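Those protein sequence lines, which keep their order, are chains A and B.
All residue numbers in the first sequence are consecutive under our numbering, ending with 214.
All residue numbers in the second sequence are consecutive under our numbering, ending with 214.
No lab work stands behind these hints, which were simulated from the structure alone.
All figures in this text were calculated on a predicted structure; none of them were measured in a lab.
Hints are not guaranteed to be accurate.
It does not matter which identical chain is meant; a pair holds if it fits inside one copy or across any two.
Said to hold, decoys possible - Using 20 Å as the maximum straight-line C-alpha spacing, the simulated SDA-like pairs for lysine to any residue come out as follows:
(1) K209 to E188
(2) K209 to V81
(3) K180 to A132
(4) K209 to E185
(5) K180 to S35
(6) K151 to D62
(7) K151 to G44
(8) K137 to P31
Protein chains: 2
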Amino acid sequence: MAERTLGVVLYPGFELLDVFGPLEAFGNLPGMVSVTMVAAQAGPVVSAQGPRAVADHGFADAPRLDMILVPGGIGTRDVVEDRALVDWLAARSGAAEIVMSVCTGAALLARAGVLDGQRATTNKAFFQWVADQGPKVEWVRQARWVDAGKYVTSSGVSAGIDMALHVIARLAEHDLADKRAGRELAENLARMMEYQWHTDADVDPFAKVWGLA
Amino acid sequence: MAERTLGVVLYPGFELLDVFGPLEAFGNLPGMVSVTMVAAQAGPVVSAQGPRAVADHGFADAPRLDMILVPGGIGTRDVVEDRALVDWLAARSGAAEIVMSVCTGAALLARAGVLDGQRATTNKAFFQWVADQGPKVEWVRQARWVDAGKYVTSSGVSAGIDMALHVIARLAEHDLADKRAGRELAENLARMMEYQWHTDADVDPFAKVWGLA
Numbered sequence: 002m003a004e005r006t007l008g009v010v011l012y013p014g015f016e017l018l019d020v021f022g023p024l025e026a027f028g029n030l031p032g033m034v035s036v037t038m039v040a041a042q043a044g045p046v047v048s049a050q051g052p053r054a055v056a057d058h059g060f061a062d063a064p065r066l067d068m069i070l071v072p073g074g075i076g077t078r079d080v081v082e083d084r085a086l087v088d089w090l091a092a093r094s095g096a097a098e099i100v101m102s103v104c105t106g107a108a109l110l111a112r113a114g115v116l117d118g119q120r121a122t123t124n125k126a127f128f129q130w131v132a133d134q135g136p137k138v139e140w141v142r143q144a145r146w147v148d149a150g151k152y153v154t155s156s157g158v159s160a161g162i163d164m165a166l167h168v169i170a171r172l173a174e175h176d177l178a179d180k181r182a183g184r185e186l187a188e189n190l191a192r193m194m195e196y197q198w199h200t201d202a203d204v205d206p207f208a209k210v211w212g213l214a
Numbered sequence: 002m003a004e005r006t007l008g009v010v011l012y013p014g015f016e017l018l019d020v021f022g023p024l025e026a027f028g029n030l031p032g033m034v035s036v037t038m039v040a041a042q043a044g045p046v047v048s049a050q051g052p053r054a055v056a057d058h059g060f061a062d063a064p065r066l067d068m069i070l071v072p073g074g075i076g077t078r079d080v081v082e083d084r085a086l087v088d089w090l091a092a093r094s095g096a097a098e099i100v101m102s103v104c105t106g107a108a109l110l111a112r113a114g115v116l117d118g119q120r121a122t123t124n125k126a127f128f129q130w131v132a133d134q135g136p137k138v139e140w141v142r143q144a145r146w147v148d149a150g151k152y153v154t155s156s157g158v159s160a161g162i163d164m165a166l167h168v169i170a171r172l173a174e175h176d177l178a179d180k181r182a183g184r185e186l187a188e189n190l191a192r193m194m195e196y197q198w199h200t201d202a203d204v205d206p207f208a209k210v211w212g213l214a
């Protein structure tokens, strides 16, 4: 698998597991994925739950990013109005190979306009608010994640882990030209994480819980 | 539920999901759990995967801790030899109501001597190495987590999320004197996280994967 740089976007009020669930998978692929944390400025960024993570780069000095991960969290309510963040996302998404969101992170991609005309999903508990941020997006009400090619969006919080394993399998399959090898790489990661991977993107028990199915 | 302070121990090479999986649950109980991050010194601590989290306190100035969470990660190989960390764990565990470990974090509690004579579990891929750190511990080869009362230890990485939800249900049940209400609090958290909680501590598919069952 060719080495790719993954940029994870942090902002005040990001949801912890939206970031660190996917990073438990992407972060355990040395030589294949190099992870960098990006925020408005380099330095500590407070999560929705209180603990702080450190941004390695500010938006202005972030390196070239092959992949971008946008978490959700209560902070999205404020940062959908943050022009600098939304414009940066629009610009960097254009240059990236794959752009992912977890949970309400899809609201930020929607505001950036990059999901227009595409299928996408988000957290089921706050579905309508996110959908309102992108009236031209084809929002999917029942999906663990939606793979629209370049843009891959997941449902709430834990769904980001399932999406990350899917993206890893897809990229490894592509690079190795071997579907089985891609799937095995992701399955090995899941075993190391002692995680029962939900491999079917269409199985979404939480759509029903939140009245969307 | 009475407010409790949870201290999460960070050290270089901690596993991201061991920390932030349980914190996704404990961190979403404002007024019930107050989270503080503790390390040798206050400031950034690098994870096994590269991203850094910020310690709010050094060991010397940590506040009173009602609960302690000890993550695992490749860094445990070094810090089992760190007398200051192991002695701090022994002292603070004595004063705490509940002490938890995730994955190879159990090796640190074992070295601190606090698990002697108790049932405990750990990551299944590195089971023997952890068991060797505490020859007087009653190591359980097949368990998603083990609740020995004050000490609650989980299997690898993702198992920490299941353990955290169990501990929350147990504490809420105790405080409210209502088993059903305790369980509902944890189930509501799992729904918010869109997480399918593995509620049976004895069901451990990974023991078989790693040849322990």
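How the hints compare with the structure:
For a Cα distance limit of 20 Å, the shortest separation of K209 from E188 across copies, 15 Å, qualifies, whereas the shortest one inside one copy, 28 Å, does not. With identical chains, the CA atoms of K209 and V81 are never at most 20 Å apart, being 27 Å at best within one copy and 46 Å at best between copies. Within a single copy, K180 and A132 get their C-alpha atoms no closer than 34 Å, and across copies no closer than 38 Å, so neither meets the 20 Å cut-off. Taking CA atoms no more than 20 Å apart as the test, K209 paired with E185 passes between copies only; the shortest distance there is 18 Å, against 31 Å inside one copy.
Proximity of K180 to S35 under the C-alpha cut-off of 20 Å is found in neither arrangement, the shortest distances being 23 Å within a copy and 45 Å between copies. Taking the shortest alpha-carbon separations for K151 and D62, neither the intra-copy value of 24 Å nor the inter-copy value of 47 Å comes in at or below 20 Å. Neither within a single protomer nor between protomers do K151 and G44 lie at most 20 Å apart by alpha-carbon distance, with minima of 29 Å and 37 Å respectively. For the identical chains of this complex, K137 and P31 are neighbours neither inside a copy (38 Å) nor across copies (36 Å), given an alpha-carbon limit of 20 Å.
Consistency with the previously given hints fails for numbers 2, 3, 5, 6, 7, 8, ordered from lowest to highest.
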